[in-house]
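Colleague: If you read the protein sequences in the order shown, they are chains A and B.
Position 33 of the first sequence, counted from 1, bears residue number 23 in the working numbering, the numbering being contiguous throughout.
Position 41 of the second sequence, counted from 1, bears residue number 31 in the working numbering, the numbering being contiguous throughout.
Because the hints were derived from the structure by calculation, they are not lab data.
This one's a predicted model, so the numbers in the text were calculated from it and none came from an experiment.
Among these hints, one or two may not hold up.
[Stated by the list, open to error] Covered by chain A, according to a simulated footprint, are these stretches of chain B (three or more residues, beta-carbon under 8 Å):
#1 -5 to 5
#2 34 to 43
#3 52 to 65
Cβ atoms here follow ideal geometry from the backbone N, Cα and C, with glycine treated the same way.
Protein chains: 2
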Amino acid sequence: MPEFRNPAPTVDVVILLPGDRVVLVHRKNPPLGWALPGGFVDEGEKLEDAAVREAREETGLAVVLSEQFLAYSDPRRDPRRHTISTVFVGRADGEPRGGDDAADARAFPWAGLPSGVVFDHDQILADVRRYLLTGARRRL
Amino acid sequence: MPEFRNPAPTVDVVILLPGDRVVLVHRKNPPLGWALPGGFVDEGEKLEDAAVREAREETGLAVVLSEQFLAYSDPRRDPRRHTISTVFVGRADGEPRGGDDAADARAFPWAGLPSGVVFDHDQILADVRRYLLTGARRRL
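Chain A extracted, bound-state conformation (with noise of 0.2 Å):
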């Protein structure tokens, strides 16, 4: 099969941690701010094993999934590339540590996220809130 130009898979994890918070990195590089853990699916791997790789890479936490949530796929969610993020809930114990491209890795609570998340990540997380409050997933 010829290889067309396409899409770049990845993941992003809303990391569940004890005391209704959440996790996010902050960037190394660009686009900087705070964002979802997460980043590129490797050939050969499987979206659930992304999804726990990136986790520990940028956290250090040991993600046990307990959904795959929705992918986002919007061609202007990312400036530097097209790419197709799957969304994963999972939750933790511990305290998260930056690691890989992330300089920094926080807990928040839900009440409290702080202001410049980067890419579509508002979004997944408003998205994800209203989905463990109220069950609806967001519509097409």
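Got chain A sorted already, so can you dock chain B onto it with the hints?
Modeller: Same frame as chain A, now just chain B:
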């Protein structure tokens, strides 16, 4: 950003027709057999737009998507290369007509799906059917 070799994002669409029927296409190219309508996502194209486009190209039907279901990413799901398929559910009226990569397109009753369904589309069909009947999504 350097270009890595990534899995290729695809879509598949479970098209529901009146009379509790679902649309399958008979593939023109290997692997030969019945499959869900679907295909590769173009650079710059949203998943939803790819799903509507592929459904139209392969079945002639104007599909109204109702739901983004789940993404399937096992590296062995397609014998040709690693694809990650995001599955949509939608509705249409009229009768399907094969086109593009589909030699044939037909509506099957859920109770009478054909044998020889290729890829992991038998699993996807079973997962979607259970979801439509019970509201339960496949867990991780």
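Colleague: If a hint holds in the structure, say so; if it does not, say that too.
Modeller: Evaluated hints:
1. Coverage of a stretch by a chain is defined here by at least three residues with a beta carbon nearer than 8 Å to that chain's beta carbons; for the stretch -5 to 5 of chain B and chain A the count is 5, and the condition holds.
2. Coverage of the stretch 34 to 43 of chain B by chain A holds [criterion: at least 3 residues with CB-CB distance below 8 Å; count 5].
3. With 9 residues having a beta carbon nearer than 8 Å to a beta carbon of chain A, the stretch 52 to 65 of chain B meets the requirement of three or more and the stated coverage holds.
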